[in-house]
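Working from the sequences, and respecting the hints, build out all of it.
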Amino acid sequence: MNQPTPDEQLLEQLVRAAGTRVDPNALAVAATEKRTHGIVRDPEAVLLLRTLARERGRRRRTLWGGAALAAMLVAGLIFAFAQGPRGEAPLAERLETAVAGLRLHDAERFGSFALADDLDATSGVTRTGVAWLAPRGALLAAPARLRWRRPDGVSRVQVKLKGPGVAWERDVDGDDVQAPPLESGRYVVTLRVLGSLTPQTLRRSFVIADAQQRHAYAQAQAVWRAETSADLHDLIEAHYAFSQGFLERALEASRRAEAARGEKRQLVLPLLRYLTR
Amino acid sequence: MRSADRPVSLADERVRRTYELGRKAHPQVDLSFEEFARRARAAIPKHDNKDFYLAVACDAGAPGAWERLQSRFHRPLRAMLRRRGATRHDVSQLLDDVWGRLASPPPRAKARTRIGTYDGQGALLAWLATVAWHRLADGWRRAAGVAPLPQEPTPSTPRGGDPADRLEASEIGALIGSVLEQAWASLTDRELEVVVLKYRQLLPQTEIARILRVSPSRITRLLQSATRRLREAVEERLELRAHVAGAASNQAALQHLLQRMLSESDAGREDADDHGRGMA
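Those protein sequences? They're chains E and Y, same order as listed.
My numbering numbers the first residue of the first sequence as 1 and each following residue consecutively.
My numbering numbers the first residue of the second sequence as 1 and each following residue consecutively.
Simulated from the structure, these hints should not be mistaken for lab results.
Just so you know, not all the hints are guaranteed correct.
[Said to hold, decoys possible] Derived contacts from chain E toward chain Y, CB cut-off under 7 angstroms, selection only:
(1) Asp7
(2) Val15
(3) Val22
(4) Pro24
(5) Arg50
(6) Leu52
(7) Val154
(8) Arg203
(9) Ser205
All C-beta atoms, glycine included, are put in the ideal place defined by N, C-alpha and C.
As structure tokens, this is what we get:
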């Protein structure tokens with residue numbers, strides 16, 4: 001192995017002199033008050049401060065860009081209506097138009113709704129360790145079962161579930177178990193592989209929606225069912241549920257759309273791949 | 001509850017104002033004033049901070065608080081982590097992990113959950129971004145088989161000892177601080193990123209290349225240019241101030257200052273361990 005050069009040693013010492021870990025509270029003060037309290041002697045803190053500043057700038061630009069895009073879209077829609085009826089447009093185009101129409105029809109509910117179009121599920125990483133499968137994200141109803149994937153050669157896992165009024169634990173042979181009765185709220189699940197030479201623990205959380213959130217979802221569903229054509233419903237639900245964090249619901253709707261085959265299947269495949277990666 | 005014969009202090013007013021700001025910004029999160037005041041009085045923010053209410057409500061387990069926290073910060077955190085090199089798949093899993101971790105008890109602090117260690121003096125997004133970045137970097141270290149970093153932050157100021165030593169240490173610390181400030185500021189984002197991943201996170205260059213999606217030779221070039229810029233920035237400052245350390249050359253002056261700084265921060269770390277601080 002090559003010996004480090006004096007310059008490399010200097011660099012290493014400079015980083016070491018800065019400490020080992022950034023204090024989140026100190027960094028929060030530095031980011032908010034622009035007072036650095038000596039925290040800028042740490043390259044990691046400088047990197048995080050720059051990232052936060054860039055992200056703030058990007059969000060400002062996105063806001064203005066979004067407003068300009070919305071104005072162009074409205075102008076486009078007015079122009080399209082003025083041109084009168086035409087033949088049936090491709091499904092992708094109709095879906096975009098339907099979503100834009102929902103945004104205009106009910107800005108409060110659909111104002112921030114957009115089709116997920118930058119999904120990348122092609123990383124091709126095959127994971128062999130323990131993985132949590134379901135439930136994920138937010139759920140409209142309590143889950144019936146908890147599901148995971150065991151690493152190769154391991155048969156037994158320990159599942160712990162903590163949440164509002166629930167502290168539940170089971171040692172399980174297999175890949176799923178019946179969930180205990182759960183109320184609305186946030187749950188943290190910890191999965192520990194038993195009998196493995198290397199300890200593996202996984203912590204995930206999911207949320208069961210309360211009555212108010214379920215009602216809001218049902219109302220949104222009623223709006224798109226009333227305002228858009230029936231062949232778009234599954235696609236709209238898949239994207240809407242995904243945007244709201246209801247991942248299991250988005251998965252169900254994506255599978256329904258995939259079963260239809262043809263153009264509809266092609267449109268939903270990126271989202272479905274992303275949800276099942 | 002206010003009693004008629006007790007004057008209302010500035011701190012009471014600030015607690016009340018912070019509570020009202022938080023309620024207005026997060027109307028879906030219901031936490032009583034008494035509960036908020038009981039938890040927040042020890043560390044009430046000096047400035048207006050509407051998200052402090054949300055953090056306290058999460059720590060208290062108020063209905064809707066965690067959902068609000070996620071819906072408010074999920075997108076900016078996701079964007080921030082993507083900017084720092086996390087893949088889409090990693091971000092999704094990592095954020096699930098971060099929310100779960102924030103809801104679990106901290107190792108040594110008095111707060112009920114880790115989010116209770118947020119002191120409200122800065123923006124909650126920056127605090128969450130730091131915690132999420134630590135988790136991301138810890139994951140990379142685990143994947144590369146590198147030992148984990150200590151969980152405690154490095155204290156920024158030394159405590160105890162002789163006043164004359166403290167004065168000298170603070171002068172040296174200020175000098176080092178200003179040198180380092182200029183040095184790190186002279187690096188581009190990419191160079192800074194590579195330096196942090198190599199010398200703070202101790203990741204091998206092949207792993208850094210994989211994370212940043214560039215070739216290993218590009219990492220070597222970035223490290224070389226970072227080293228050159230740092231040396232230029234450090235030498236520029238030490239030419240003006242070499243006499244402070246009483247050393248003959250810039251290199252020797254720098255080495256001397258670094259040794260002092262390192263011993264100072266080691267002493268500070270031991271002191272901090274004695275005080276038993278908690279951290280997310």
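Okay, the hints, checked on the actual structure:
Against a cut-off of 7 angstroms between C-beta atoms, the interface hint on E:Asp7 holds, since the closest Cβ of chain Y lies about 4 angstroms away. Given the 7 angstroms rule on beta carbons, the hint for E:Val15 holds: about 4 angstroms separates it from the nearest Cβ of chain Y. Contact between E:Val22 and chain Y, as hinted, is supported at the beta carbon level, the nearest pair being about 6 angstroms apart and thus within 7 angstroms. A hinted interface residue such as E:Pro24 counts as satisfied when its beta carbon comes closer than 7 angstroms to some beta carbon of chain Y; here the least separation is about 4 angstroms, so the hint holds.
For E:Arg50, the suggested interface contact is upheld, since its CB lies about 6 angstroms from the closest CB of chain Y, less than 7 angstroms. With 7 angstroms as the threshold, the beta carbon of E:Leu52 comes within range of chain Y, its nearest partner Cβ sitting at about 6 angstroms, so the hint holds. With its C-beta approaching chain Y no nearer than about 18 angstroms, E:Val154 sits outside the 7 angstroms limit, and its interface hint is violated. Against a cut-off of 7 angstroms between C-beta atoms, the interface hint on E:Arg203 holds, since the closest Cβ of chain Y lies about 4 angstroms away.
At its closest, the beta carbon of E:Ser205 sits 4 angstroms from a beta carbon of chain Y; the interface hint therefore holds under the 7 angstroms criterion.
In this structure, the one hint that does not hold is number 7.
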